[in-house]
Amino acid sequence: MNKSLSVIFVSVLMGGLFFFTDNATAQSNKVEKVEITVLGICGMCKDRIERAAYSVRGVRRADWDAKEQKLILAYRSDKTELTTIERAIAKEGHDTENFLTDEETYAHLHGCCIYKRDPELLEKNKVWNQQ
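The numbering used here numbers the first residue of the sequence shown as 219 and each following residue consecutively.
Possibly wrong hints are sitting among the right ones.
PhoX-like cross-link-like pairs, simulated, lysine-lysine; straight-line CA separation at most 25 Å [stated by the list, open to error]:
# : residue 1 : residue 2
1 : LYS309    : LYS285
2 : LYS342    : LYS309
3 : LYS344    : LYS309
For the record, the hints were derived by calculation from the structure and aren't laboratory data. Since the model is a prediction, treat every value here as computed from it, not as a measurement.
All chains should be modelled from the sequences, with the hints used to inform the complete structure.
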């Protein structure tokens with residue numbers, strides 16, 4: 219009987235440890251969902267924007283809407299930060315809420331992809347490769 223009680227105790231203890239370990243893992247793998255402004259025009263822009271977002275480790279969803287100029291993102295906050303994703307997008311030629319593409323990259327976009335730059339963004343944001 220004493221051995222049975224020990225087995226039950228160890229089983230309960232191990233079950234509790236697995237519960238707390240799984241719970242901690244779930245919290246550290248938290249998926250953040252955000253919507254940010256990203257400027258662009260066409261299907262080529264959509265492909266470029268989404269590809270740039272997915273190039274960042276931890277991005278789980280990237281869906282850009284040309285009409286709304288919004289990118290819906292889902293990413294693992296334990297793997298990346300929003301600023302890293304925005305920098306990757308700006309590096310490819312598209313201004314975001316917080317980062318601008320540089321003039322050379324913007325000028326080399328395909329003709330149909332040259333979007334009207336927002337003066338407010340130009341005034342308040344940094345180029346993606348500036349600190």
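Do the hints match the structure? See the list:
1. LYS309 x LYS285: This hinted pair holds, its Cα atoms lying about 22 Å apart.
2. LYS342 x LYS309: 17 Å, holds
3. LYS344 x LYS309: 12 Å, holds
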